[in-house]
Amino acid sequence: MSTKSRREQIHDVASQLFSERGYHATSMRDLASQLGMQGGSLYAHISSKEELLVEIVDQAARQFDDALMPLKDADMGPEDKLREAMRRHLEVVTHNLESATVFFHEWKHLSPDAYKKVTDWRDTIDRLYRELVQEGIRKGVLRADLDVKMTAYLLLSAVNWTYTWYRPGGTLDATSIANHFADMLLVGLRTEPR
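Per full-length UniProt numbering, the sequence shown starts with residue 1, numbered consecutively.
Derived from the structure by calculation, the hints contain no laboratory data. C-beta atoms are modelled at their ideal positions from N, C-alpha and C, and glycine is treated no differently. A portion of the hints provided could be inaccurate.
[Stated by the list, open to error] The calculated lysine-lysine pairs, modelled on BS3-like cross-linking and capped at a C-alpha distance of 30 Å, are: (1) K117 to K149; (2) K72 to K108; (3) K149 to K108; (4) K117 to K72; (5) K149 to K116; (6) K149 to K139.
[Unchecked claim] Distance ranges between label pairs, derived from CB positions: (7) T119 to H24: 14 to 24 Å; (8) T175 to K72: 17 to 27 Å; (9) E192 to S111: 43 to 53 Å; (10) H105 to S33: 19 to 29 Å.
Build out the structure end to end from the sequences listed, making use of the hints.
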């Protein structure tokens, strides 16, 4: 017997269906059917399908924030911070694959206010990665000729798009993927090869 509340069950099924089919291709009837409910019964728990999308995206954003923002003040060298940022980022993606898929792929279907919230959050994470790259350049660990914005986008692209190919149960976990990415990417960013 599940210990999850009905609301949590609805949230989980919405994450699953939105990630598999897409937000627009998933109907309230689909959600209800998957949950063994009548379509109208869903409205006793949620007001709309968009409410679910907003909740899924917001929860994913908070998970990324909780994982990444403490790195701003972490007592680590710049390269270690970048490696740790990638590891933490990938941990959120790989441990929450369905909601991460919805977050990265379906957020564009949000209402204007919710959409702005997500783009503001995305700007915050972009800024964090740029700050980590800038710190690496300032401390002489990363090459001075790097374009900070492009470098941050390269790192973010690697970790963000993992949801498209990662499958649980494979040979690589979040730490292994982060180490592979960091080993490949940081070689070209360092001032001197190791």
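List of violated hint numbers, smallest to largest: none
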